[in-house]
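Asker: In case you want the letters, here they are:
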Amino acid sequence: MRALWPLAVITYKEGIRNRAMYGIFLLALLLFAANFLICGMIMQEVGKVAVDVALSAVSFSGLLLVLFVGINLLAKDLDRRTIYMVLARPISRGQYIWGKFFGMAMLIISAVGCLGGCALLSIASVRWAFPGYFPRFALGPVVLALLLIALMLILLSAVSFLFASFTTSSFVTLILTIISYFIGHGVAAIKALVEAPETVGIEVSTATVRLVKGAYYMFPNFSLFDIKIQAAHNLPVSGTYVAGTLAYGLIYSALVVTLAGLIFSRREFP
Amino acid sequence: MISIEGLYKSFREGLLGRKVHALQDVSIDISPGEVFGFLGPNGAGKSTTIKILLNLIRPDSGRALILDHAVQDPMVRKKVGYLPENPYFYDYLSAKELLWFGGRASGVDSRILKSRISELLDRVGLQAAEKRHLRTYSKGMVQRAGLALALVHDPAVVILDEPMSGLDPLGRKMVGDLILELKAQGKTVFFSSHILNDIERFSDRIGIIDEGRLRLTGNLAEVVSRGESLEDVFMRTIGAGEGGVRQ
Numbered sequence: 001m002r003a004l005w006p007l008a009v010i011t012y013k014e015g016i017r018n019r020a021m022y023g024i025f026l027l028a029l030l031l032f033a034a035n036f037l038i039c040g041m042i043m044q045e046v047g048k049v050a051v052d053v054a055l056s057a058v059s060f061s062g063l064l065l066v067l068f069v070g071i072n073l074l075a076k077d078l079d080r081r082t083i084y085m086v087l088a089r090p091i092s093r094g095q096y097i098w099g100k101f102f103g104m105a106m107l108i109i110s111a112v113g114c115l116g117g118c119a120l121l122s123i124a125s126v127r128w129a130f131p132g133y134f135p136r137f138a139l140g141p142v143v144l145a146l147l148l149i150a151l152m153l154i155l156l157s158a159v160s161f162l163f164a165s166f167t168t169s170s171f172v173t174l175i176l177t178i179i180s181y182f183i184g185h186g187v188a189a190i191k192a193l194v195e196a197p198e199t200v201g202i203e204v205s206t207a208t209v210r211l212v213k214g215a216y217y218m219f220p221n222f223s224l225f226d227i228k229i230q231a232a233h234n235l236p237v238s239g240t241y242v243a244g245t246l247a248y249g250l251i252y253s254a255l256v257v258t259l260a261g262l263i264f265s266r267r268e269f270p
Numbered sequence: 001m002i003s004i005e006g007l008y009k010s011f012r013e014g015l016l017g018r019k020v021h022a023l024q025d026v027s028i029d030i031s032p033g034e035v036f037g038f039l040g041p042n043g044a045g046k047s048t049t050i051k052i053l054l055n056l057i058r059p060d061s062g063r064a065l066i067l068d069h070a071v072q073d074p075m076v077r078k079k080v081g082y083l084p085e086n087p088y089f090y091d092y093l094s095a096k097e098l099l100w101f102g103g104r105a106s107g108v109d110s111r112i113l114k115s116r117i118s119e120l121l122d123r124v125g126l127q128a129a130e131k132r133h134l135r136t137y138s139k140g141m142v143q144r145a146g147l148a149l150a151l152v153h154d155p156a157v158v159i160l161d162e163p164m165s166g167l168d169p170l171g172r173k174m175v176g177d178l179i180l181e182l183k184a185q186g187k188t189v190f191f192s193s194h195i196l197n198d199i200e201r202f203s204d205r206i207g208i209i210d211e212g213r214l215r216l217t218g219n220l221a222e223v224v225s226r227g228e229s230l231e232d233v234f235m236r237t238i239g240a241g242e243g244g245v246r247q
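Line order of the protein sequences matches chains A and B. For reference, each letter of the first sequence is one residue, going 1 to 270 in my numbering. For reference, each letter of the second sequence is one residue, going 1 to 247 in my numbering.
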């Protein structure tokens, strides 16, 4: 841990000061402002729309953070050989991956914390303008949804580290991470569909079922972390579900980063 | 102090994966407190040897030891300072933060580190720019920050890859004085260069490497004792004739 902490700190500082962060935060602020305008235009289910749009803005901005800041934090080290200054210290390649990951996790938590605060302000401003549309609003589920968004982004970041551990191009890492994100978000619903095709009146081949099941077990299930609808409608989310999802996210992330570290340990930096 | 025994290293190049031999049977022994100048033309294998010493790349065969420990052990690098050729550092960190990282990652106590950072930044002439982001530094300033980073944990062994590269005359003087200071402190210095004058000024012993093979090692005084200049010895050793063209 003594070697990991300094690396995590400089990774965090390098990330938080990156100019791309300004762009992402500006976009998020525009989305929060748009939330007010959208709610003003539709004038239906305003409370639910306000929460849904605000949480989606946090989730989308966080996704951009992982894809365009997180992946670059690792890729730049390899492209520009800044990794030399790290590996010239008593830090193994596996510790390097963990240190960078902890720095990235700190960056995600801070960013989601900050964006989450703005999202709550955005919801509060809509609530102030249209108080009659928030009969069932509760803060707890929104904060819980923000927590799960942060965990989903940490897991996505871990997956991007795994890809970066064996690819030589940051572009390939980016593409593979985006593919994983989309598969991870949709595969649970597709699996449910192909396992019971008669419910929607379609036929599915055995090969397709196997393929979808393979993808289900190979990619992380990001849809587990999405409780925006429950937060928007103030629907109950069981403690077991939250604990299970937290454990799933943390254990999956740890396994993926460990695997990334093992693969990275074999690499050379000529 | 530094022991390199029978190192071989090859790389695959191009679409067909042509094998290029970067190092062939390189063996060097460097004693404690010695300044060893590693000389060779571009692409001779100097940086490859250094990267093996830092475990950035692994040899195909042979072994490298620092302070009697295999270089694969990360803990060895607690006692090793390294300046890469053309160093790059994090854009948005200041020199102070860079040195903080170097010191803390090498296990330096935070109270000692604070004064050490201040002293080193003053020594390399970066005190006035200590809070500026490294992306605003000139090439020479980055090189100076790299030198300070290599020394922040007071290493017993200092490995410098082309330390004078990109420095103005003042910077070159500063690096030269630093190497002499390290020597006076009893540190072991391994530095590579293709600038003969630098090697001649600071080294106790030299090694000349060419096309991946160590062509000559010896005490500087003995190598240039027969009325030849280091340039004559170098040209003869790598088989270059008039005008620096290889025979």
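What the hints contain is simulated information worked out from the structure, not anything from laboratory work. Nothing here was measured: the structure is a model prediction, and the numbers come from that model. You may find that some hints are simply not true.
What the hints assert, rightly or not - In silico SDA-like cross-links for lysine to any residue, where the CA-CA straight-line distance does not exceed 20 Å: (1) K139/B <-> T167/A; (2) K96/B <-> Y12/A; (3) K48/A <-> P236/A; (4) K76/A <-> I190/A; (5) K78/B <-> I83/A.
Stated by the list, open to error - Here are the simulated distance ranges between beta carbons: (6) S10/B <-> L211/A: 40 to 48 Å; (7) Y92/B <-> I178/A: 42 to 50 Å; (8) I38/A <-> S115/B: 55 to 63 Å.
Think of the CB as a built atom: it goes at the ideal place given N, C-alpha and C, for glycine as much as any other residue.
Asker: Confirm or reject each hint.
Answerer: Hint by hint, here is what the structure shows:
no., hint, result
1, K139/B <-> T167/A, "violated, 30 Å"
2, K96/B <-> Y12/A, "holds, 16 Å"
3, K48/A <-> P236/A, "holds, 15 Å"
4, K76/A <-> I190/A, "violated, 36 Å"
5, K78/B <-> I83/A, "holds, 17 Å"
6, S10/B <-> L211/A: 40 to 48 Å, "holds, 41 Å"
7, Y92/B <-> I178/A: 42 to 50 Å, "violated, 25 Å"
8, I38/A <-> S115/B: 55 to 63 Å, "holds, 57 Å"
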